[in-house]
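Whenever a hint applies, use it, and build me the whole structure from the sequences.
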Amino acid sequence: MKLYIFTVLFTYISAVFAAVSLTDNGSSYILRNDYAIVTIAKNSGYITSLKLNGNNQEFLNRSYIDANGGKVYFSPQSSKVIKNTSSHVEVAFYDNYNSNSKLGLDWEVRYTMLSDTRGVYYSLTNTHKTNYPETSYSEIRLVLRLKADIFNHLQVEDDVYRDMPSAADQNKCVEMGPKEACQLPNGEVIHKYDWSVDMLKHHIHGFSSKSTGLGCWFVIPSLEWKNGGAYNRDLSCHQGGSDSLQIMYMNGSHYGGGDATIKSGEYFQKVYGPFLIYLNKASSVEASWNDAKNMLNTEGRKWPYSFVSQPGYVKERGKVTGTLAINNPLTNTRLPLEDAVVTLVQPQSATEPIPNQQWRHMSFWTHSLSGATPNFVIYNVIPGTYELHAWAKGVVGEFVLDKLVTVKAGEVVNLGKFTFVENRIAPIVWEIGIPDRTAMEYKHGNHFNQWGLYHKFKTEFPNSVNYYVGKSNYATDWNYCHVSIQGADGKYMQSPWNIYFNLNKIPTGTSVLRISIAASSYSALSVALNDGKATAEVKDLVDDACIRRDGIRGIYRELEFKFEPSAFKIGENKFTLYSRKTGGYNTYYQFDGIMYDHIRLEAPGVTENSSNAANNNQQVTTTIVRTTTNVVTATTNSNNASATNSNNNNGSCNKLFWQCGGINWKGSTTCCEGTCQKYNEYFSQCVSNGSSNSNTNTNNNNNNNNNNQSSQQASQPVVKPGTIFIAGDSTADEYGANNGKTNGWGKYFRDYVTCNVNNQAKSGQSARTFWRDGRWNSLIAGVSRNDYVFIQFGHNDVGGPHNASEKGSNGGEGDETVTVTRSNGQQEVVHTFPWYIRQMCNQVINKGAKPVLLSYTPNFSFTDGKVGEGSRFQGYMKLVANEMNIPYIDLYSLIARKWEELGENYIKSNNWFPTDYKHTSPVAADFNAQMIVTGIKCVKIQDLIAVLNNKGNAVNNQCKY
Numbered sequence: 001m002k003l004y005i006f007t008v009l010f011t012y013i014s015a016v017f018a019a020v021s022l023t024d025n026g027s028s029y030i031l032r033n034d035y036a037i038v039t040i041a042k043n044s045g046y047i048t049s050l051k052l053n054g055n056n057q058e059f060l061n062r063s064y065i066d067a068n069g070g071k072v073y074f075s076p077q078s079s080k081v082i083k084n085t086s087s088h089v090e091v092a093f094y095d096n097y098n099s100n101s102k103l104g105l106d107w108e109v110r111y112t113m114l115s116d117t118r119g120v121y122y123s124l125t126n127t128h129k130t131n132y133p134e135t136s137y138s139e140i141r142l143v144l145r146l147k148a149d150i151f152n153h154l155q156v157e158d159d160v161y162r163d164m165p166s167a168a169d170q171n172k173c174v175e176m177g178p179k180e181a182c183q184l185p186n187g188e189v190i191h192k193y194d195w196s197v198d199m200l201k202h203h204i205h206g207f208s209s210k211s212t213g214l215g216c217w218f219v220i221p222s223l224e225w226k227n228g229g230a231y232n233r234d235l236s237c238h239q240g241g242s243d244s245l246q247i248m249y250m251n252g253s254h255y256g257g258g259d260a261t262i263k264s265g266e267y268f269q270k271v272y273g274p275f276l277i278y279l280n281k282a283s284s285v286e287a288s289w290n291d292a293k294n295m296l297n298t299e300g301r302k303w304p305y306s307f308v309s310q311p312g313y314v315k316e317r318g319k320v321t322g323t324l325a326i327n328n329p330l331t332n333t334r335l336p337l338e339d340a341v342v343t344l345v346q347p348q349s350a351t352e353p354i355p356n357q358q359w360r361h362m363s364f365w366t367h368s369l370s371g372a373t374p375n376f377v378i379y380n381v382i383p384g385t386y387e388l389h390a391w392a393k394g395v396v397g398e399f400v401l402d403k404l405v406t407v408k409a410g411e412v413v414n415l416g417k418f419t420f421v422e423n424r425i426a427p428i429v430w431e432i433g434i435p436d437r438t439a440m441e442y443k444h445g446n447h448f449n450q451w452g453l454y455h456k457f458k459t460e461f462p463n464s465v466n467y468y469v470g471k472s473n474y475a476t477d478w479n480y481c482h483v484s485i486q487g488a489d490g491k492y493m494q495s496p497w498n499i500y501f502n503l504n505k506i507p508t509g510t511s512v513l514r515i516s517i518a519a520s521s522y523s524a525l526s527v528a529l530n531d532g533k534a535t536a537e538v539k540d541l542v543d544d545a546c547i548r549r550d551g552i553r554g555i556y557r558e559l560e561f562k563f564e565p566s567a568f569k570i571g572e573n574k575f576t577l578y579s580r581k582t583g584g585y586n587t588y589y590q591f592d593g594i595m596y597d598h599i600r601l602e603a604p605g606v607t608e609n610s611s612n613a614a615n616n617n618q619q620v621t622t623t624i625v626r627t628t629t630n631v632v633t634a635t636t637n638s639n640n641a642s643a644t645n646s647n648n649n650n651g652s653c654n655k656l657f658w659q660c661g662g663i664n665w666k667g668s669t670t671c672c673e674g675t676c677q678k679y680n681e682y683f684s685q686c687v688s689n690g691s692s693n694s695n696t697n698t699n700n701n702n703n704n705n706n707n708n709q710s711s712q713q714a715s716q717p718v719v720k721p722g723t724i725f726i727a728g729d730s731t732a733d734e735y736g737a738n739n740g741k742t743n744g745w746g747k748y749f750r751d752y753v754t755c756n757v758n759n760q761a762k763s764g765q766s767a768r769t770f771w772r773d774g775r776w777n778s779l780i781a782g783v784s785r786n787d788y789v790f791i792q793f794g795h796n797d798v799g800g801p802h803n804a805s806e807k808g809s810n811g812g813e814g815d816e817t818v819t820v821t822r823s824n825g826q827q828e829v830v831h832t833f834p835w836y837i838r839q840m841c842n843q844v845i846n847k848g849a850k851p852v853l854l855s856y857t858p859n860f861s862f863t864d865g866k867v868g869e870g871s872r873f874q875g876y877m878k879l880v881a882n883e884m885n886i887p888y889i890d891l892y893s894l895i896a897r898k899w900e901e902l903g904e905n906y907i908k909s910n911n912w913f914p915t916d917y918k919h920t921s922p923v924a925a926d927f928n929a930q931m932i933v934t935g936i937k938c939v940k941i942q943d944l945i946a947v948l949n950n951k952g953n954a955v956n957n958q959c960k961y
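Going by UniProt numbering, the letters in the sequence shown line up with residues 1 to 961, in that order.
Some hints here could point you the wrong way.
To be verified - List of simulated lysine to aspartate or glutamate pairs, EDC-like, C-alpha gap at most 16 Å:
1) K315 to E411
2) K408 to E316
3) K408 to E387
What the hints assert, rightly or not - What follows is a list of derived Cβ distance ranges for each label pair:
4) D916 to S284: 44 to 52 Å
5) N449 to K102: 27 to 35 Å
6) P604 to T298: 54 to 62 Å
7) P604 to E828: 51 to 59 Å
8) E411 to A287: 40 to 48 Å
9) S784 to E828: 29 to 37 Å
Note that these hints are calculated values from the structure, not bench results.
None of these values were measured; they are calculated from a predicted model.
Just so you know, even glycine gets a beta-carbon here, dropped at the ideal spot from N, CA and C.
Right, dumping it as structure tokens:
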């Protein structure tokens, strides 16, 4: 008996204190203990081998560390052994900023193995010193490319997992839209974003092996360093042919996170991790996952880790406690809370708002709080100053505490009981859905991570959504996403949704339709009541990519639409929701749309008994406010294309996509352009003629304004221009990218006309920089009456106003502005892209000259023999052209369709793009000039047709869009 006890004790001691070793073989560091062997290349800092000790099976094909999707790779100049003892070995790799660095950051990557580590710890420290330039990044990640033939079972949550298709089948996968999705030989479509995860409750993801029982997992005791913290959703694992990709996005922007931008002069340091790369072996994939969860419990008890020695990692921390309460303002009673969240976020500048752009600083949170006044504790908070945010399931909106929270090391901050008051102006008449910041309760919401659900809408809702309060069931009668639909001509168009409800009383005061947004992409929202004029559009919804990346929760917004009593009526009423794609519609679905979280009507003097029903889900009866609620009033004038034009009995016409008929419609049934098409007995809409009668490839329906322009041009006397001016970027610049190998079309366009050509296009320019830096002033100063000015931008306008390039425009289509501080310290008011184009056009017109707008040239990219649709900047050009009745040449589409005729191999074999995917060879630049001549003829700009020379008249391409 004594011998037996001694043997067990000896074995236990051996297991706990087994030695760890570090070997330097000249090219690699090898970290080894009783459980794992990890090899790291000294020249790259990348893990090259992962194995369990005593098992020869290699886990890895390769690994790497990079930023911005592979545009910047970690490339260390040196490495160092930090510690080498029998219980702790640690190596560090250093990639410090220099004049050749693509990011203004120092990188320090560390790998640590203790004697009892079941794998290896990884951590990264990024440092931006005050003398470093401004830098921006969207992604920083560690990628393990595991052997797919072994690691063939993916799991990222308890209920999100699958056996992976074979590498052979993956290699036969046919790309779908979006490009990250592909169809396997068996017809199944896999989409890498179907295995994205919400950071709120996430701690483990990875792969296991059905054949060997091996598992490789990221075990993450804390995500305090993740940009956006509890708000963030991000990619985790996905397929990759012979590789199974296990990824840790330390910084990620896949679901609306935005770029992290660090200004020149700012000191910034952040430690990502450490987290454990956990290796295990179990009897099944289920057992491997459960074992990883047990390891998480072990690692969580150790946090913050005592072994960490790298600068910037904080071990001495504080704790925050308190009691959360939310009151109903109408009754002053407590609202019951479910699955509530309290999070601390480090405040940032006005250019990095919380939470619409997910911040880059630290955050700490607790979740799953329930009750009327739940107590909470947030552990291990790094000392500093924080904002406190809170939200709960069953409650609309988000709260922000009206004072900052200061945390000190070793101390407990007890906030006591703090009570928020919800934002509700009147009793609830009815509501749709459950306020939980997702669209999960609606049709398809319970299996949202599945490709192609958005394509089912037109079939499943042939008359769009017509929701009858008290009769309809939102689980089946309300789609998870408000998407556009394909018209008969192949072009997509909006599909308004209707909510019908009965009232036996008229509200006694202003009512509010409160709409919570769970996610949005490329969309603007407006609302009309009883076919009246729609509210002003909310145009600043964030593109969080949730639709195209198969999510169900993106950037949350609470919107408030106000309506006066006179807009309601006794009996049946109707709200119409207009979701319009910003930038214009295309022949391909571009994953625009809105996911609604929750909708409710609040009306004074009207109770639930005064309407036909409340929510079908009777447990939902509460709401709260977020401090940034958007308020929209129905009486506000709106020029948006989706607004319903009421009171049109004076004979005026309805614009494209406005309502033009239906039961109870009192307005005009005449369309200014297009045809009034009936969708159902309640709703008819003005659509382009092509929506009813298909006329593909050789028509000009792509440019709805062009037919009108053409007739106007033809009916006016021809006045030949003395000079054609060109404003644009490198694709029009005489010397292309100024690299000696490329040219822009502006150099060759003059060969096709008899008048002068003054090409002031310049490489690297955007609409913002061309306007800001004086190039436009220089151009317009030389313009005379009857001259023409070609305006073409779009390639360099991406990135937004805060991007380090200082070229991107503000989001939106109107007069929205944002003030930024440039790297030179100057303040700049940044406008929207359409605003800059409008100003240029107005100045041209004011000089008696004539503007022509051109969409930008396509990048060289083919998918299955086709060139994809352009970006929103193509749509913006058309938008301004339509508004101002200016000729618009859709150069992007003209070139794309001609490329498809010529074929991808033709363009490659003739080296049309000698340096990259954007800048053209002389031959290709001349081709683009010919396509502009084609556009002039297609749009029938008679003044310009009159100055074509023999070479220009000889250009004979079809008008294919």
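Structure-based check of all given hints:
1. K315 to E411: At roughly 13 Å apart (the allowed maximum being 16 Å), E411 and K315 satisfy the hint.
2. K408 to E316: holds, 9 Å
3. K408 to E387: Distance of about 15 Å is within 16 Å: holds.
4. D916 to S284: 44 to 52 Å: holds, 49 Å
5. N449 to K102: 27 to 35 Å: holds, 33 Å
6. P604 to T298: 54 to 62 Å: holds, 56 Å
7. P604 to E828: 51 to 59 Å: violated, 45 Å
8. E411 to A287: 40 to 48 Å: Taking Cβ atoms as reference, E411 and A287 lie about 42 Å apart, which means the hint holds.
9. S784 to E828: 29 to 37 Å: holds, 31 Å
Checked against the numbered hints above, the structure violates only hint 7.
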